[in-house]
Amino acid sequence: QVQLVQSGAEVKKSGASVKVSCKASGYPVINYALHWVRQVPGQGLEWMGWMNIGDGDTKYSENLQGRVAFTWDLSANTVYMELSSLKSEDTAIYYCAREGGSWSPDYMDVWGQGTTVNVSS
Amino acid sequence: IQLTQSPSSLSASVGDRVTITCRASQAIGSYLAWYQQTPGKAPKLLIFAASTLQGGVSSRFSGSGSGTDFSLTISSLQPEDFATYFCHQLQSYPVTFGQGTRLEIK
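Chains A and B, in that order, give the protein sequences. Just add 5 to wherever you are in the first sequence, counting from 1, and you've got the numbering used here. Just add 113 to wherever you are in the second sequence, counting from 1, and you've got the numbering used here.
Hint data in this document are derived by calculation from the structure and do not stem from the laboratory.
Ranges between beta-carbon positions, derived for each pair:
#1 A:Asn-68 with B:Gln-139: 12 to 22 angstroms
#2 A:Lys-92 with B:Ser-121: 22 to 32 angstroms
#3 A:Gln-8 with B:Arg-173: 22 to 32 angstroms
#4 A:Lys-24 with B:Gly-128: 40 to 50 angstroms
#5 A:Asp-78 with B:Pro-192: 37 to 47 angstroms
We put the beta carbon where it would ideally sit given N, CA and C, even for glycine.
Start from the sequences and build out the full structure, keeping to the hints where you can.
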């Protein structure tokens, strides 16, 4: 069964960093690109960035440029999103989502369950 | 590219036919997807390429449009369809989402 399983909820102080994991099962994570999307509860979806492990390419939202980084561990079939210099407005649910289709950008066909990150001052 | 959905919220009854629209700030061809999100859950892909139904999704969902104007139609609402719906443009980076349409039971 193809699925993405994310790490658990995090509570962080302003200025700290958070690292969220996204473990793929049912397929090799290198075979598909991945997006990261976040959502303030009750609000819309904000695209954070994209990674293609196959060629090592990444794209980041201009809003987060310099604070966000994507990494991966092929042996664990897992990707990671690290967000630094946290602010209260970074409080949100963070999702990883697999990119389907055969080009990029493309639709997101498999989503992780979400990781809640709460940033307090 | 900005996406504007309308309405922002909608009340309807089981069995109703409803249509949600999504307008792009510039032409995006057919590079549009629709997602359904229920409370506490991740979004679920319904439609991609504006009108292609994702595998396993009920045929009561349909999508249409191209260029700047798109729509999602649910032919006969079922209880499990009451959720929030988002459109998503994948014509170019940065990809963007509509603000969402909340579909509530009347």
